[in-house]
Amino acid sequence: MLASLAYAGWDFSLITRRASTLYGPSVEGRHRVDAWRALLNGDRPANDLELLQRVNQFFNQELRYVEDIDLWKVDDYWATPVQSLWKGAGDCEDFAIAKYFSLRQWGMPADKLLITYVKVLNPERAHMVLTYYPDAEGEPLVLDSLVDTIEPADARKDLLPVYAFNGEGVWLPDATDTTIGSSSIAGDIKQLSRWQNVLNKMKAEGFPVEGNTP
8 MLASLAYAGW DFSLITRRAS TLYGPSVEGR HRVDAWRALL NGDRPANDLE
58 LLQRVNQFFN QELRYVEDID LWKVDDYWAT PVQSLWKGAG DCEDFAIAKY
108 FSLRQWGMPA DKLLITYVKV LNPERAHMVL TYYPDAEGEP LVLDSLVDTI
158 EPADARKDLL PVYAFNGEGV WLPDATDTTI GSSSIAGDIK QLSRWQNVLN
208 KMKAEGFPVE GNTP
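The opening residue of the sequence shown carries number 8 in the working numbering; numbering runs sequentially from there.
Note that these hints are calculated values from the structure, not bench results.
No experiment lies behind these values; they were computed from the predicted model shown.
Misleading hints may appear alongside valid ones.
Label pairs and their calculated CB-CB ranges [said to hold, decoys possible]:
{"#": "1", "residue 1": "Pro130", "residue 2": "Gly16", "range": "29 to 37 Å"}
{"#": "2", "residue 1": "Thr28", "residue 2": "Val81", "range": "21 to 29 Å"}
{"#": "3", "residue 1": "Val73", "residue 2": "Thr156", "range": "19 to 27 Å"}
{"#": "4", "residue 1": "Pro32", "residue 2": "Ala162", "range": "42 to 50 Å"}
{"#": "5", "residue 1": "Asn54", "residue 2": "Lys80", "range": "37 to 45 Å"}
{"#": "6", "residue 1": "Gly95", "residue 2": "Arg24", "range": "18 to 26 Å"}
{"#": "7", "residue 1": "Ala162", "residue 2": "Thr28", "range": "42 to 50 Å"}
{"#": "8", "residue 1": "Lys208", "residue 2": "Pro130", "range": "29 to 37 Å"}
{"#": "9", "residue 1": "Asp118", "residue 2": "Pro32", "range": "34 to 42 Å"}
Beta carbons: idealized from backbone N, C-alpha and C, even for Gly.
Construct all of the structure, not just a fragment, from the sequences and the given hints.
Next comes the structure, spelled out in structure tokens:
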């Protein structure tokens, strides 16, 4: 895993040097990564909701929403948090991935977080959000790149879940309940190649990687 992600000390001086080598010098990118470091090194908020709000607001303000075809010249590309901050832009999965790793680094357990691939119903299109589960029975909250407010899943009638994942596995929605948050484990995260690519890129950026799942 990313060296006990919730407790590992990330060496941001190494990470920014690696980013300059991998992605080219960028004063603005370095400033955004420095702001991320300051966010993660700050005092932890008193409760999970405040933490979610702080992380959600940070990335929704720091990153512009840009489709992969315009940003990376490919149809689908999953960027690391550093790549997104270096560019100052990303699409829905990049926002969700960056928020996920930030919350994990701040000590939030993986079982409270799922990166959820959804279908927006009107107009119909693919989308990805981060969902937070307060407990096994609690209704999840939705962190969205296109909506600054954090809303409960039952308020997001515009989203239909397709699958979800975190560093521990892949989940599919309950066939009898199509609301976000109703799902069961269906696969090994190692089968999700784009996620493995994100981890490999983070290793190249200088993040401590001991295995394949954070």
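query: Failing hints, ascending?
result: Going through the list in order, the structure violates hint 1 alone and respects the others.
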